[in-house]
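Could you put the whole structure together from the sequences, leaning on the hints where they help?
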Amino acid sequence: MVTPPQDWTERSRELAAVLSRVALGDRAAFATLYQRTSSHLLGVVLRIQKDRAQAEDVLQEVYVNVWRAAQGFDATLSQPLTWLTSIARNRAIDSLRRRQSEPQTVSTSAGLGDDDEHDMLQDFASPDAGPLDLLGQAADARALQACMKALSGEQQQSLALAFYQGLSHAEVADHLKQPLGTVKSWVRRALISLKGCLERAHGSAA
Amino acid sequence: MDYSRPALVDRLAAEHVLGTLRGPARRRFESLLPAHPALRAAVAAWQARLIPLSAAVTPVPPSATVWSRVEQRLFASAAAPLRWWLRLGLWQGVSAFATVAALAFGLVLSQPRPVEPPIVIVIAPNPEAAGVLQAGFAAGLTRDGRALVLQPIHEVAPGAGRAFELWAVPPQGAPRSLGLVSGQQPTTVQRALLLKDTAAFAVSLEPSGGSPTGAPTGPILSVGKLQI
Chain A
0 MVTPPQDWTE RSRELAAVLS RVALGDRAAF ATLYQRTSSH LLGVVLRIQK
50 DRAQAEDVLQ EVYVNVWRAA QGFDATLSQP LTWLTSIARN RAIDSLRRRQ
100 SEPQTVSTSA GLGDDDEHDM LQDFASPDAG PLDLLGQAAD ARALQACMKA
150 LSGEQQQSLA LAFYQGLSHA EVADHLKQPL GTVKSWVRRA LISLKGCLER
200 AHGSAA
Chain B
0 MDYSRPALVD RLAAEHVLGT LRGPARRRFE SLLPAHPALR AAVAAWQARL
50 IPLSAAVTPV PPSATVWSRV EQRLFASAAA PLRWWLRLGL WQGVSAFATV
100 AALAFGLVLS QPRPVEPPIV IVIAPNPEAA GVLQAGFAAG LTRDGRALVL
150 QPIHEVAPGA GRAFELWAVP PQGAPRSLGL VSGQQPTTVQ RALLLKDTAA
200 FAVSLEPSGG SPTGAPTGPI LSVGKLQI
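So the sequence lines, in the order shown, correspond to chains A and B.
No gaps in the numbering here: position 129 of the first sequence is 128 in numbering that gives the first Met the number 0, and each next residue is one more.
No gaps in the numbering here: position 57 of the second sequence is 56 in numbering that gives the first Met the number 0, and each next residue is one more.
To be clear, the hints were calculated from the coordinates, so they are not data collected in a lab.
Some clues are possibly wrong.
Residues of chain A placed beyond 10 Å of chain B at every Cβ, according to the derived structure [unchecked claim]:
(1) G71
(2) K176
(3) Q177
(4) T181
(5) G202
Computed, partial: chain B to chain A, Cβ under 8 Å [stated by the list, open to error]:
(6) R4
(7) L7
(8) A13
(9) R21
(10) Q46
(11) A47
(12) P61
(13) W66
(14) R68
(15) L73
(16) A128
(17) V131
(18) T212
(19) P215
Yeah, the Cβ is synthetic: ideal placement off N, Cα and C, and Gly gets one too.
So, in structure tokens, the structure goes:
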């Protein structure tokens, strides 16, 4: 499942080389890493933490964390941007801990949204976007896209709301006006089908 | 909760990466990660599956203040080395006293100059990688920088399909590989210019056969600065 380093894209390898310099305490490499990744990570954080000032606080935390934790980066477990994005997502989710009200702007293909927020499900349908190359996972993302499409509409919606907007099970249930138990089982079954589908896709590619 | 059940581990890892694992359950799961490689592997596998979804997110350039705040927080204590220098000054005073005392005892060595002793560096375990593997080494180098003997402080095995790789780290630019080294017995490394442009030595964990990229790819297990 995890792509070995020899199969990474050139950009992913470059990023790994930069990260290895950061692990050794190289500040110039750290500045390079920030230049190459901060816009992507802020985009990821802003989907979950919608307050711009708080999102930038989260981003600051992320890079402080990356500087201190870079030595623990393990290329046999993750690609560099996957590792960085995971840190950003975790920090963004942590920042929601004290969220009081439900998010104001959430839109799905069901047409519940009313503003400029674009259709989340379209996100699955753009595998040729630039960051894919940076993720070094274009093939993985294409397989993922195909597997997402194989899910039921409810399953896709629940996953998208949870992944992109950082909604909890209860918030997804609220949003879709469905009982909590129903949403939990949609999510659980979606994850199981997704895993099975991706494993089959990788098995046939190998 | 029983974390030894693989199906449960997989579900918790999936929900952690998806973000639906929340509150105390999320924090408890995260607190277990450093000591449980199976949990870390399950999380990494789910990250590899789901994180590509974020590739389609539109990038948003952060305001310039974010970087300056990061630098401020991490590097603002640039004055700290001064304190080190002050303490070094104190030590120099003590050693000057010791020298005077040695003179007073008539212990001045008037023999011919002895052979220059080797440079000994402790390549100490990196606390950040303690969750991965605890590995420390002692390196002895000839003064001409032509040979290095690396001795593991405790016997340590890299694990199946893994190897230890030694690196010479310059003050600027990419680390140079000095090849794979053993965690069980001393490894001798012979190169022309081991000390030229070398600020530190580091050992990383790599796939067996060594780093496939020419730069360290695995966690940095131990680091030792060169002080001559």
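Status of the hints after comparison with the structure:
{"no.": "1", "hint": "G71", "verdict": "5 Å, violated"}
{"no.": "2", "hint": "K176", "verdict": "18 Å, holds"}
{"no.": "3", "hint": "Q177", "verdict": "14 Å, holds"}
{"no.": "4", "hint": "T181", "verdict": "14 Å, holds"}
{"no.": "5", "hint": "G202", "verdict": "14 Å, holds"}
{"no.": "6", "hint": "R4", "verdict": "15 Å, violated"}
{"no.": "7", "hint": "L7", "verdict": "12 Å, violated"}
{"no.": "8", "hint": "A13", "verdict": "5 Å, holds"}
{"no.": "9", "hint": "R21", "verdict": "5 Å, holds"}
{"no.": "10", "hint": "Q46", "verdict": "5 Å, holds"}
{"no.": "11", "hint": "A47", "verdict": "5 Å, holds"}
{"no.": "12", "hint": "P61", "verdict": "5 Å, holds"}
{"no.": "13", "hint": "W66", "verdict": "6 Å, holds"}
{"no.": "14", "hint": "R68", "verdict": "5 Å, holds"}
{"no.": "15", "hint": "L73", "verdict": "6 Å, holds"}
{"no.": "16", "hint": "A128", "verdict": "6 Å, holds"}
{"no.": "17", "hint": "V131", "verdict": "7 Å, holds"}
{"no.": "18", "hint": "T212", "verdict": "5 Å, holds"}
{"no.": "19", "hint": "P215", "verdict": "4 Å, holds"}
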